[in-house]
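Q: Using the hints, position chain B against chain A.
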Amino acid sequence: GAVVSQHPSRVICKSGTSVKIECRSLDFQATTMFWYRQFPKKSLMLMATSNEGSKATYEQGVEKDKFLINHASLTLSTLTVTSAHPEDSSFYICSSGTSGTSSYNEQFFGPGTRLTVL
Amino acid sequence: GNSVTQMEGPVTLSEEAFLTINCTYTATGYPSLFWYVQYPGEGLQLLLKATKADDKGSNKGFEATYRKETTSFHLEKGSVQVSDSAVYFCALSAGGNKLVFGAGTILRVKS
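Same order as they appear, the protein sequences are chains A and B.
Start counting the first sequence at 1; every next residue gets the next number (this note's numbering).
Start counting the second sequence at 1; every next residue gets the next number (this note's numbering).
Next up, chain A with everything else stripped away, as it sits in the complex (with noise of 0.2 Å):
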């Protein structure tokens, strides 16, 4: 399948700043990329989706503006968490996609990464 990277695995920052997540697409062009955050022992909830050179589609609850999210590329989409606070603390996993409403089209995930806001 296709491989699909996640930059910084993990990282701290202090309250009030703001933190980037790369997720890159290796070796296809993903038209699609999705950001999910997971809780501990709870589901991945899905976030957005974005597709290249649009804006992103926020799931209901998610603040567009606390969640900036880019996808300039066919092979990178950015998440970037605004002004963090303790409660974003999370883990944040990306994942690609081809585009498509017809049928399910199979999703490569990113490894994650570990989000500590102190």
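Keep in mind that the hints were calculated from the coordinates and are not lab data.
Fair warning: this is a prediction, and the values are worked out from it, not measured in the lab.
We put the beta carbon where it would ideally sit given N, CA and C, even for glycine.
All clues given are correct.
Okay, derived cross-link-like pairs now, SDA-like style, lysine to any residue, Cα gap no bigger than 25 Å in a straight line:
no., chain 1, residue 1, chain 2, residue 2
1, B, 52, A, 46
2, A, 41, B, 48
3, A, 42, A, 12
4, B, 110, B, 76
5, A, 41, B, 72
6, B, 98, A, 6
7, B, 98, A, 89
Per the computed footprint, the stretches of chain B lying under chain A, defined by three or more beta-carbons under 8 Å from a beta-carbon of chain A, are:
no., region
8, 44-53
9, 99-111
Not the full set, but computed from the structure, chain A residues with beta-carbon under 8 Å of chain B:
no., residue
10, 4
11, 42
12, 43
13, 107
14, 110
A: Same frame as chain A, now just chain B:
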């Protein structure tokens, strides 16, 4: 809304033991069902899937059958290995590319 419930872990087994990880779902319509596996330090990988009732997905000795009458998609393997130690996620897709995940079940296999 759509949701997935899977058994809490961790599940600890000896090598060659039989594995079952329960998964039930709630969804409108007829979702596709999936099992993903996450090995330590790696991303989630699709393990198997089933797209309609009574379908059986299988891969690497793992199996799961889409049971519409019980809204279940339990994961089974007849003989686990140490290398199967990982986190297993049950998920559904009710349309398009969006996935709804269960909380994940940690499997630990001892030699």
